[in-house]
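Novice: These protein sequence lines are chains D and W, in that order.
Adding 276 to a residue's 1-based position in the first sequence gives its number in my numbering.
Adding 1 to a residue's 1-based position in the second sequence gives its number in my numbering.
Do not take every clue at face value.
[As the list claims (entries may be wrong)] Pairs of lysine-lysine, DSS-like flavour, derived with a Cα cap of 25 Å:
#	chain 1	residue 1	chain 2	residue 2
1	W	Lys26	D	Lys542
2	W	Lys31	D	Lys404
3	D	Lys457	D	Lys525
4	W	Lys229	D	Lys542
5	D	Lys542	W	Lys195
6	W	Lys255	W	Lys236
7	D	Lys580	W	Lys236
8	W	Lys184	D	Lys580
9	D	Lys404	W	Lys162
10	W	Lys236	D	Lys497
11	D	Lys457	D	Lys518
12	D	Lys518	W	Lys195
13	D	Lys330	D	Lys376
14	D	Lys525	W	Lys195
By construction, these hints were calculated from the structure, which means they are not laboratory data.
Given the structure is predicted, the values throughout are model-derived calculations rather than measurements.
Letter by letter, the chains look like this.
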Amino acid sequence: MGYNTITPEFVEQLKAIAPGRVYTGADINEDYAHDEMPIYGKFNPEVVVEVISKEEISAVMKLCNENVIPVTARGAGTGLAGGCPPIAGGVTLVTTRMNKILEYDLANFTVRVQPGVLLNQLSEDAAKQGLLYPPDPGEKFATLGGNVSTNAGGMRAVKYGTTRRYVRAMEVCLANGEIIKLGANVAKTSSGYSLLNLVVGSEGTLAIITELTLELIPQPKETVSLIIPFEDIDACIGAVPKIFMAGLKPQALEFMESEIVYMAEKYLERDVFPHVVDGVEAKAYLLTTFDGDSMDALDPIIEKASEVVFEEGAIDVLVADTPDLRAKAWSARNAFYEAICASTSELDECDVVVPIHKIPELLKYVNGLEEEVGIKIRSFGHAGDGNVHVYVLREDLPRDEFLEKAEIALGKMYVKANELGGLVSGEHGIGHSKFQYLRESLGEQSIDLMYGIKKVFDPNLILNPGKVCYKL
Amino acid sequence: MNILVCIKQVPDDSVEVSLNQATGKADIEKIAPIVNAFDGYALEMATRFKEAHGGEITVLSVGPEKARDSLRNCCAVGASKAYLVNSEAETDTYGIADTLAKAVAAIEAEAGAKFDVVFCGKETTDFTSSQVGPMLAEILGLPQVTNIVGLEPAEAGLAVKQETEEGYNMVDVATPCVVTVTKPEYDPRYPTMKSKMAARKVVIPDLAVEVNTDAKVSVTKVYEPAKKEAGVKIKEETVEETVAKAIGLMAEAKVF
Chain D
277 MGYNTITPEF VEQLKAIAPG RVYTGADINE DYAHDEMPIY GKFNPEVVVE
327 VISKEEISAV MKLCNENVIP VTARGAGTGL AGGCPPIAGG VTLVTTRMNK
377 ILEYDLANFT VRVQPGVLLN QLSEDAAKQG LLYPPDPGEK FATLGGNVST
427 NAGGMRAVKY GTTRRYVRAM EVCLANGEII KLGANVAKTS SGYSLLNLVV
477 GSEGTLAIIT ELTLELIPQP KETVSLIIPF EDIDACIGAV PKIFMAGLKP
527 QALEFMESEI VYMAEKYLER DVFPHVVDGV EAKAYLLTTF DGDSMDALDP
577 IIEKASEVVF EEGAIDVLVA DTPDLRAKAW SARNAFYEAI CASTSELDEC
627 DVVVPIHKIP ELLKYVNGLE EEVGIKIRSF GHAGDGNVHV YVLREDLPRD
677 EFLEKAEIAL GKMYVKANEL GGLVSGEHGI GHSKFQYLRE SLGEQSIDLM
727 YGIKKVFDPN LILNPGKVCY KL
Chain W
2 MNILVCIKQV PDDSVEVSLN QATGKADIEK IAPIVNAFDG YALEMATRFK
52 EAHGGEITVL SVGPEKARDS LRNCCAVGAS KAYLVNSEAE TDTYGIADTL
102 AKAVAAIEAE AGAKFDVVFC GKETTDFTSS QVGPMLAEIL GLPQVTNIVG
152 LEPAEAGLAV KQETEEGYNM VDVATPCVVT VTKPEYDPRY PTMKSKMAAR
202 KVVIPDLAVE VNTDAKVSVT KVYEPAKKEA GVKIKEETVE ETVAKAIGLM
252 AEAKVF
């Protein structure tokens with residue numbers, strides 16, 4: 277696809293649309309060239325436009341479509357798959373100034389927000405109204421527009437599902453600048469193809485989100501977290517399906533091996549989990565949270581959960597039932613990503629998702645790759661929904677050797693995840709970094725269908741080119 | 002040793018507090034009550050001491066019926082007995098200290114044994130007066146060491162490590178005594194499922210002690226303490242690197 281060159285006249289036209297908020301050349305913040313995975317390369321936008329209204333988005337899109345100039349929407353840039361770096365150059369459209377929570381509809385338990393509202397901002401504001409926005413990705417400073425564009429998951433997905441479930445309606449700007457509404461503030465629909473759900477998870481390749489109507493739920497009154505140490509990872513993961521089979525519905529259910537816990541504790545300069553329990557060294561932990569209306573209602577639930585895990589070989593069950601203990605219990609888990617980043621000069625990652633009962637097999641394979649390929653690997657993940665985060669660390673390896681080995685290790689991992697009936701990404705998305713793996717996993721026909729859909733929405737292929745379903 | 006830990010139930014200080022427009026006071030009704038953080042450290046320190054050297058821990062609180070939950074939580078992390086002076090009466094720090102002293106006497110009379118050490122948090126997170134522990138020691142006529150971060154048995158009774166602004170004092174103190182605890186290097190432990198279930202069975206009697214509501218403390222002025230410049234904390238990977246950096250900084254500042 278040939279794109280046109282950006283001319284000074286074109287920039288002037290953008291400046292007329294968004295006065296004082298158009299940047300070029302050296303005035304562009306270098307952060308706009310990458311997301312949080314710099315290993316996937318840096319790509320400078322030619323122009324950055326910070327928009328403040330849907331009318332501006334519409335005008336920018338119309339202009340870019342007419343001139344066949346690529347447009348990449350960008351939120352807080354916290355992605356991990358190379359979704360927002362503008363690999364074809366062109367215009368980067370930054371939505372972070374569109375950060376207003378517009379209106380709560382308490383009768384329908386929904387809220388209307390602009391796309392640049394941060395996850396943290398909404399969760400704190402909703403909590404003040406006694407409401408919960410259930411999606412809980414680790415990165416709290418991501419924008420909701422970005423969360424919707426990657427169908428972000430997070431800790432609470434195991435009980436409440438991912439972002440998709442909470443998107444009731446949205447307003448989007450199409451590639452030609454037209455603004456349309458998708459979905460409606462209704463609880464169910466059987467009204468044709470769900471264009472709404474096509475846009476959720478489309479990473480800015482089909483349309484630009486200008487407004488979201490998101491579903492909320494009443495804030496659970498009480499939560500209790502349990503830290504459950506095990507002697508080995510197999511017993512730890514083996515307990516996960518048993519928890520569900522006992523009819524228990526944890527809000528969150530994470531597994532972690534002791535090495536990564538120690539790494540996080542070193543990073544936090546604080547011991548978070550006991551390392552030796554009743555004289556036995558813990559090699560793996562489950563960290564789970566249950567929510568309910570009262571402590572009295574939660575007591576039988578956590579007792580049942582304890583019974584189940586003791587039968588599966590848990591060394592003990594530690595109870596974090598006060599706000600400070602809960603915060604402490606989750607502090608290590610919440611610091612994993614930062615701790616891993618701090619421990620190495622460079623890293624690559626994947627977030628494959630497999631059927632829950634296949635996690636032990638995948639982990640065993642992943643741990644074996646460390647020796648087979650000769651590269652340090654750390655993993656953790658959402659035990660409750662089969663989503664495993666695997667990181668390959670450069671450490672002391674020369675860069676070329678690291679890149680080569682990382683590709684081999686990750687390639688093998690994707691093949692294994694596929695064999696186990698899994699998919700390429702549980703919540704981070706495809707961006708431009710995982711397209712090859714997606715193609716191998718889904719096959720040509722599915723990719724062709726995706727590309728066909730892309731062309732219907734965006735005939736000139738100007739929206740976030742070279743992402744998700746085709747290569748530039 | 003026979004150990005007593007005095008605790009206070011306070012509103013959770015980790016959440017945002019708003020003003021109740023109707024009452025003109027902090028809106029703490031909806032905030033979860035928790036054990037005062039420094040009392041939690043005191044209990045953890047007492048529990049570690051008990052695990053290392055033997056003994057028994059009793060917890061005591063003056064407060065409303067709801068404080069019984071906090072006492073029960075303490076029984077899941079080290080205490081084996083708990084008593085409540087069940088009262089919602091408004092009082093001051095002296096009133097609380099005096100009531101605690103009477104409660105101590107009542108428990109000791111009932112058990113027929115004296116406490117060897119009485120632990121208090123150095124202050125509460127709601128009023129931060131730091132007065133109750135020292136007043137309690139005075140009323141009981143016991144020696145006291147404030148702001149401790151550790152203790153060991155010693156010939157004289159106890160060898161305690163007291164935190165000061167410059168470092169530490171190592172103090173030997175005779176028992177029985179009162180100590181107030183500041184944040185040590187560790188956190189309070191998590192209760193376990195088994196310890197919580199055992200704690201549920203602990204009977205927590207109400208002590209028939211009247212709360213002293215005869216206010217003796219009058220506040221003449223509230224003001225901010227003088228601000229001091231923060232020091233520099235030097236912590237490198239190894240001791241050698243830390244020392245080298247410290248010497249480097251001193252050389253730079255022309256200390257020598």
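Novice: Lys525/D and Lys195/W: Cα distance at most 25 Å?
Specialist: Given pair Lys525/D, Lys195/W holds - Cα atoms ~22 Å apart, limit 25 Å.
Novice: Taking 25 Å as the top limit, are the C-alpha atoms of Lys580/D and Lys236/W close enough?
Specialist: Violated. Lys580/D to Lys236/W sits at ~45 Å, over the 25 Å cutoff.
Novice: Regarding the pair Lys330/D and Lys376/D, is the alpha-carbon distance no greater than 25 Å?
Specialist: With a Cα-Cα distance of about 13 Å, the restraint between Lys330/D and Lys376/D holds, given a limit of 25 Å.
Novice: Check the hint pairing Lys184/W with Lys580/D against an upper bound of 25 Å on the C-alpha distance.
Specialist: violated, 35 Å
Novice: Verify the proposed pairing of Lys404/D with Lys162/W, using a straight-line Cα cut of 25 Å.
Specialist: violated, 43 Å
Novice: Are the Cα positions of Lys457/D and Lys525/D separated by 25 Å at most?
Specialist: violated, 35 Å
Novice: Take a quick look at whether Lys518/D and Lys195/W sit within 25 Å of each other, Cα to Cα.
Specialist: holds, 20 Å
Novice: Are the Cα atoms of Lys542/D and Lys195/W separated by 25 Å or less?
Specialist: Distance ~29 Å between Lys542/D and Lys195/W Cα, so the pair is violated.
Novice: Decide if the proposed pair is consistent with the structure: Lys31/W and Lys404/D, CA atoms, cutoff 25 Å inclusive.
Specialist: holds, 12 Å
Novice: Run the distance test for Lys457/D versus Lys518/D: straight-line Cα separation, threshold 25 Å.
Specialist: violated, 43 Å
Novice: With the threshold set at 25 Å, check whether the alpha-carbon distance from Lys229/W to Lys542/D stays at or below it.
Specialist: With a Cα-Cα distance of about 30 Å, the restraint between Lys229/W and Lys542/D is violated, given a limit of 25 Å.
Novice: Just to be careful, I want the Cα atoms of Lys26/W and Lys542/D compared with a cutoff of 25 Å; is the pair within it?
Specialist: violated, 41 Å
In summary, the structure is inconsistent with hints 1, 3, 4, 5, 7, 8, 9, 10 and 11 from the numbered list given earlier, while agreeing with the others.
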